[in-house]
Amino acid sequence: MTSATQPTANSDERVKEISSFRNALIRPELGGIVGTIAVFTFFLLFAFDSGMFNSQGIMNWSQISAQFMIIAVGACLLMIAGEFDLSVGSMIGFAGMLIAIFSVTLGWPVWLAIIVTFVIAVSIGALNGFIVVRTGLPSFIVTLAFLFILRGFAIYLPQTIERKTIIGGVSDVAEGDWLAAMFGGKIFTGFFQWMGDNGIIAVFERGTRKGQPVVEGLPMLIVWAIGLVIVGHIILTKTKFGNWIFAAGGDSEAARNSGVPVNKVKILMFMFTAFCATVLAVCQVMEFGSAGADRGLLKEFEAIIAVVIGGALLTGGYGSVIGAALGALIFGVVQQGLFFAGVESSLFRVFLGLILLGAVILNTYIRRIITGER
Amino acid sequence: MDPEHAPLIQMKNIEKHFGRVIALAGVSVDIFPGECHCLLGDNGAGKSTFIKTMSGVHKPTKGEIRFEGKEMHFADPRDAISAGIATVHQHLAMIPLMSVSRNFFMGNEPVKKVGPMKFFDHDYANKVTMDEMRKMGINLRGPDQAVGTLSGGERQTVAIARAVHFGAKVLILDEPTSALGVRQTANVLATIDKVRKQGVAVVFITHNVRHAMAVGDRFTVLNRGQTLGTSQRGQITPDELQDMMAGGQELVALEGSLGGTV
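Here the protein sequences come in this chain order: A and B. So that you can map any letter, position 228 of the first sequence is 228 in this note's numbering, and since no number is skipped, the others follow by simple counting. Heads up: take any position in the second sequence, counting from 1, add 1000, and you land on this note's numbering.
FYI, nobody ran anything at the bench for these hints, they're computed from the structure. Check the hints yourself; a few may be wrong.
Heads up, simulated SDA-like pairs for lysine to any residue below, C-alpha to C-alpha not over 20 Å straight-line [as the list claims (entries may be wrong)]:
#, chain 1, residue 1, chain 2, residue 2
1, A, 240, B, 1151
2, A, 264, B, 1108
3, A, 240, B, 1122
4, A, 240, B, 1124
5, A, 240, B, 1166
6, B, 1118, A, 233
7, A, 238, B, 1112
8, B, 1169, A, 233
9, A, 264, B, 1122
10, A, 238, B, 1127
11, B, 1059, B, 1034
12, B, 1135, B, 1059
Bound conformation, chain A alone (with noise of 0.2 Å):
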């Protein structure tokens, strides 16, 4: 035995000690971090003076921000336990026209076709990760088929109920409702009045609404954003589900064989994810008091691709919240921005396909590094 109890108590001399650099580069933020700064600086720099940093050029990449950072979300956490679901904006859309036929088809109270929606919408998600996890085939294919299958019925209902794809009236209905305000409303107006009273934020100068800020206070999309974010952040991190989100995705065999409910993780995971579809479904038919069936298009991709940019592994295991809340600030800053600069909106797909295409690069590089593979 003596030759077997050689000394390992000087590392490897075979292993290099890592720098600061490339240890900061080890973190999954990292990229999120790095193109929020280009981006910033980039608009500052050219459309500085269009209005996009004045309090309505703000509110308006923030909400669009928000938007993508709700999905995001679901879709990290669910990446991350190594599944996908492509279903997202379809869910989006029917959730929302769930909402609009229970409430003013039906003429069902606001809170109730709320609360009716979110579970349908969560036990859709449930039988999502059920059918993944019961046989084994790639989430991409099950949540593909719910992708037509869900967009299918955000169409079919409207259609043959009122005749049309789109169903309004919400707003009137909502008026009020405790739940509706939730989605729709918008805090901290006092707090603005203060701002516009003080000259910080631009009011309107004249009309009938002469003397109250432009923007009128923090819209619930952009709180719902900040409150999934945390969250999001604070249960993948910082509990032991989360650990065991890592692990499900890391391996699922070793998280089974260490005990790690695996299939109970993922189908929690594939819920959330229709949760938080849904909740941008509530504020999008909140804030246009209408419901319509092409809703949520693409967003299953563009919510894929904020939580890529974040730095999130495609085959699982590896990710941050934080980073994916990044990518979809990215994306909403851009999108609103090269409108703000004058650039032609359709170079917005351009710039989308190559960072996505860098941000693929860059993990996989990153992925080696982490797991020492050459």
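Model the placement of chain B on the given structure of chain A, informed by the hints.
What follows is chain B alone, placed relative to chain A:
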């Protein structure tokens, strides 16, 4: 091995049939605390079936399993784990993308209560991980170092340390050294030695006689679903073990043509 000790596990006349195939035809092995019991055998000898029976994956067709003197019927591996029988698989034990500390506590996360909320106690987990790794002779850069950066031998060591930390009395190592290089193998064998000295019974499955001879206290050879007996350390030579594993005469013929290097 001190024969006065009561055996920790007694496997008595274990038979396991898969349909018409008799994988185990009456195998009896006793395992004592603090010993390293090597289970040797060629491919298909029934080693895997035997340890899977011990760890609760398979139920024996016939025979009796006694753990600490009591007859046990493990319904599934979880039962065996909670009784104190842990298996470390060669693969599928660690998640490369996760930190050592997250891996170490995977499935057994320590929690700290903050009001009504329960949080993963990272400070405790990091501290314990660093301590346990130091005991095993692995110097980590930090508890957040990813397992992917560890060598194969170090990963085995982390898995073994984890099983022992969570109260394993019997540690089943399923060919821990078969994919490792010389130095990494030495590290794993050193780990086995440390664990044995803590009083844990180690069941070391291998088909490498040299690895077995390096740490084994007793050796049981399986061949075609049967034991060819258990021998104490010092009562058997590596050549004899090798012959028993390969089933005698055939290897003599082979060895002639290979110049005795097998």
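Structure-based check of all given hints:
1. As the CA atoms of residue 240/A and residue 1151/B are separated by approximately 27 Å, the hinted pair breaks the 20 Å bound.
2. Proposed proximity of residue 264/A and residue 1108/B is supported: the alpha carbons are some 16 Å apart, at most 20 Å.
3. Among the hinted pairs, residue 240/A with residue 1122/B is consistent with the structure: their alpha-carbon atoms are about 10 Å apart, no more than 20 Å.
4. This hinted pair checks out: residue 240/A and residue 1124/B have alpha carbons roughly 13 Å apart, not beyond 20 Å.
5. Between residue 240/A and residue 1166/B the alpha-carbon distance is near 17 Å, which keeps this suggested pair within the 20 Å criterion.
6. Note on residue 1118/B and residue 233/A: the hinted pairing holds, with a Cα-Cα distance of about 15 Å set against a maximum of 20 Å.
7. Between residue 238/A and residue 1112/B, the direct Cα distance comes to roughly 10 Å. Compliance with the 20 Å bound is thereby established for this hinted pair.
8. Simply put, residue 1169/B and residue 233/A have alpha-carbon atoms about 38 Å apart, too far for the 20 Å limit, and the pair is violated.
9. Between residue 264/A and residue 1122/B, the direct Cα distance comes to roughly 23 Å. Violation of the 20 Å bound is thereby established for this hinted pair.
10. In summary, the hint linking residue 238/A to residue 1127/B is supported, as the alpha carbons are separated by about 16 Å, within the 20 Å threshold.
11. About 26 Å separates the Cα atoms of residue 1059/B and residue 1034/B, which puts this hinted pair outside 20 Å; it is violated.
12. Note on residue 1135/B and residue 1059/B: the hinted pairing is violated, with a Cα-Cα distance of about 36 Å set against a maximum of 20 Å.
The earlier numbered hints that this structure contradicts are 1, 8, 9, 11, 12.
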